[in-house]
Amino acid sequence: MNEPTTYDAIVVGSGMTGGWAAKELTEKGLKTLVLEAGRPIVPEEDYVEHVPPWEMKFRGLGNRRGQLEDQPIQSTCYACDEWSSKFFISDKQHPYTTAPGKPFRWIRGRQVGGRSITWGRQSYRWSDLDFEANLREGIAIDWPIRYSDIAPWYDYVEDFVGISGEALGLPQLPDSKFLPPMELNCAEKVVRGALAEHFPGERVLTIGRVAILTRDHRGRAACHYCGPCERGCITRSYFNSVNATLPAAEKTGRMTLRPYSVVHSVTFDARTRRATGVRIIDARTRASVEFRAKVVFLCASALESVRILFNSATPEFSTGLANSSGELGHNLMDHVKAGGADGTIPGNDDRIQLGRRPNGIYVPRFRNVKTRQPEFLRGYGFQGEGFREGWERGIAETGFGPEFKKVISRPGPWRFSFYGFGECLPNHDNFVELDRQTVDAWGIPSLKIHCSWSNNELALRKDMSIAGAEMLAAAGARNIRPFADDEPPGFSIHEMGTARMGRDPKTSVLNSYNQAHDVKNLFITDGGAMVSSSCVNPSLTYMALTARACDYAVQQLKKGDL
Amino acid sequence: MERREALRLLATGTALQLAPRNLLAVLREARKLLDSQPAPRTLNAHQDATVRTIAELILPRTQTPGATDVGVSEFIDLMLTEWYDERDRSRFLKGLANVDIRTQALSGKNFIESLPGQQAEILTALGEEMIENRGRKPDQSFAGNESQSAANFYAMLRQLTLNAYYTSEAGATQELHFEVIPDAHDECAPLPTAKGNPESE
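Order-wise, the sequence lines are chains V and S. Going by my numbering, the letters in the first sequence line up with residues 1 to 562, in that order. Going by my numbering, the letters in the second sequence line up with residues 1001 to 1201, in that order.
Any given hint could be a false lead.
Claimed, not checked - Now the in silico label distances, taken between C-beta atoms and shown as ranges:
{"#": "1", "chain 1": "S", "residue 1": "Glu1128", "chain 2": "V", "residue 2": "Val439", "range": "12 to 22 Å"}
{"#": "2", "chain 1": "V", "residue 1": "Tyr78", "chain 2": "S", "residue 2": "Arg1134", "range": "22 to 32 Å"}
{"#": "3", "chain 1": "V", "residue 1": "Tyr78", "chain 2": "S", "residue 2": "Arg1041", "range": "29 to 39 Å"}
{"#": "4", "chain 1": "S", "residue 1": "Ala1189", "chain 2": "V", "residue 2": "Arg503", "range": "48 to 58 Å"}
{"#": "5", "chain 1": "V", "residue 1": "Gly390", "chain 2": "S", "residue 2": "Ile1181", "range": "36 to 46 Å"}
{"#": "6", "chain 1": "V", "residue 1": "Val439", "chain 2": "S", "residue 2": "Ala1097", "range": "40 to 50 Å"}
{"#": "7", "chain 1": "S", "residue 1": "Glu1169", "chain 2": "V", "residue 2": "Arg481", "range": "27 to 37 Å"}
Said to hold, decoys possible - Derived EDC-like pairs (lysine to aspartate or glutamate); straight-line CA-CA distance at most 20 Å:
{"#": "8", "chain 1": "V", "residue 1": "Lys86", "chain 2": "S", "residue 2": "Glu1086"}
{"#": "9", "chain 1": "V", "residue 1": "Lys189", "chain 2": "S", "residue 2": "Asp1186"}
{"#": "10", "chain 1": "V", "residue 1": "Lys406", "chain 2": "S", "residue 2": "Glu1169"}
{"#": "11", "chain 1": "V", "residue 1": "Lys57", "chain 2": "S", "residue 2": "Asp1186"}
What the hints contain is simulated information worked out from the structure, not anything from laboratory work. Only a predicted model underlies this, so the values are computations on that prediction, with no experimental measurement involved. Every residue, glycine too, gets a C-beta built ideally from N, C-alpha and C.
Using the sequences and the hints given, assemble the complete structure.
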């Protein structure tokens, strides 16, 4: 193969943050190699959002036996269904292990676009309530940045991504640069009214803030409400890297996108103390290939990027490249969920939803915002939705015959669900290490994950069920069912914190620009960089941090400082 | 006579009440149909006929297609063959056999040979037992768990029947007015009454 092996920059991963690094670095003039472990994606062939259930062999119930064999972990994710299971990895090919009694769900997508194809699209800014929390409470280490450092970068990425939502002017959840919000449905309006009446100035229900276009934006079309975004989007109405950032990078003529490239390690020159590039294993030929570049961006996800650095150990960095602090792989976080409440909202029987709005509601964090909660630190936000029950309710009923068919084909009562997403505290004892006994299909050592919830996360989950039920009661709901289920970490698919930022190289892996303290031309801009977790969905922040890091890296490169 | 019509008449038991000449025609059509269709892989002919009959009783043909029209039994056979594990498949088949045992006790005949009134009586009894056997949570999972006895066969059958029906093209588009790409979106739209709802005409 007569393939060029030297570039200005290498980006590992083509998902949420890899796509941004590719776009920013190429637009700023760098010849960039983007390495993706999985296959290419051709939207015209791979996107299946318009395939109706009757064209699926198991009508959407999935190939159960095949999945039990090949995707027993991945298929626990709602999006890994009969349509979209192809956007998730084979658990057989990508094993990992966990500590006894500490289950962890690691949900992954390996293809061009990564998990940005199946992400939940919820997009929220952090605030200084989040950035200052560790310092205020004396937990872990302080963030080296504040809201004012990232705010212009939120503006920058939002302008490109397109986020629809409602401006509320809340200090704990700053507004984005919004496209028009999607509408609330009848039941959601009832609950919104009840919160305004019973919890004024404390709790507010708003439409979810989502990376879905409500009007045409930068060459991408407004959403047509077909519903299942996680199957792809041929009109590119929701943001993912295949739909938006990678085409922008491609347009510069400076991107080389190389699928089937499983990155084994980052190569390092002990003399210059710089990364020289990466070593990959070609997923198809199994050949080992080395690429060189002036700067390396790891955007492979919090766990995969760390795994690469563990596998890049040198005599100088025997526990993993750029790990002089010993914090690499530690402080793993995921949002705690599985707490909330649901119920029936009486009334509005003559109203329905037309179309399938691919978005729900949001109740911004209200705990430990203005008042202090004695049982726990930090807080949670509620996602959720109102909806009319469908034909599924007929399964548990006993009726049959023409009248039953007529009734059950019509919409049932309005239901409403609140699902909390809570902040997870950084904890040094939640960590990953290399498991040399367990290798993936390419012979690369995998990870052993040690992670469990602390009492603070469990207290948040319990409070979600109480507060959720309380709000439903205020809205006049019937059959209220609070729930606080036992669910291990990993299910929110928001893993982060394993290569945290910080001011002090002794206690952190990265500086405030996502640059490794130990290896100046090495950047990690995925979830690994996070110092705390906030309670909001993290992707928007990862994107903003990535764009900011790229800007910094190119400046440093021009100055000759990398 | 349409093949589908023949099949429907057989499935509902209505065929048995036809004049002998018509019955012959129905059976002839049915045989042709059986020849042209891939044979069920798990259900034998009698089990298949029983499943068809129950499914059609639950979701009969009205102004819109019924369970037989949309191939509910074929879907159930697929699920039993390729989706369920041995334990759930056996639970289903035992429950199905039990339907005949009950009907025999009531009328001295198998379910598919019983009169519609007797069939309805059996379904009502199965429904009552389903409610009695239900734990605190309704059984919403397709795969059964250990605690579920053969008595929950009826819940399983209802789940399969409703799922097969409402995810079929006819069930989804004619009954639920499902559109792959919605014509419009409106979060608080008035519920259509007569329009697109043949039953209320």
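Evaluation of the provided hints:
Between Glu1128 of chain S and Val439 of chain V the beta carbon distance is about 56 Å. The supplied range of 12 to 22 Å is therefore violated. At about 24 Å, the beta-carbon gap between Tyr78 of chain V and Arg1134 of chain S stays in the expected band of 22 to 32 Å. The beta-carbon spacing between Tyr78 of chain V and Arg1041 of chain S, approximately 30 Å, falls within the hinted interval of 29 to 39 Å. At roughly 54 Å, the beta carbons of Ala1189 of chain S and Arg503 of chain V sit within the given window of 48 to 58 Å.
Range check, Gly390 of chain V to Ile1181 of chain S: about 19 Å between beta-carbon atoms, so the 36 to 46 Å window is missed. The beta-carbon spacing between Val439 of chain V and Ala1097 of chain S, approximately 49 Å, falls within the hinted interval of 40 to 50 Å. Here the CB-CB span from Glu1169 of chain S to Arg481 of chain V is close to 34 Å, well matched to the stated 27 to 37 Å. Restraint check for Lys86 of chain V and Glu1086 of chain S: not satisfied, since their Cα atoms lie roughly 26 Å apart, outside the 20 Å limit.
Distance hint between Lys189 of chain V and Asp1186 of chain S is fulfilled; the C-alpha atoms sit about 14 Å from each other, no more than 20 Å. With a CA separation close to 17 Å, the supplied pair Lys406 of chain V and Glu1169 of chain S stays within the 20 Å bound. With a CA separation close to 31 Å, the supplied pair Lys57 of chain V and Asp1186 of chain S exceeds the 20 Å bound.
Checked against the numbered hints above, the structure violates hints 1, 5, 8, 11; every other hint is satisfied.
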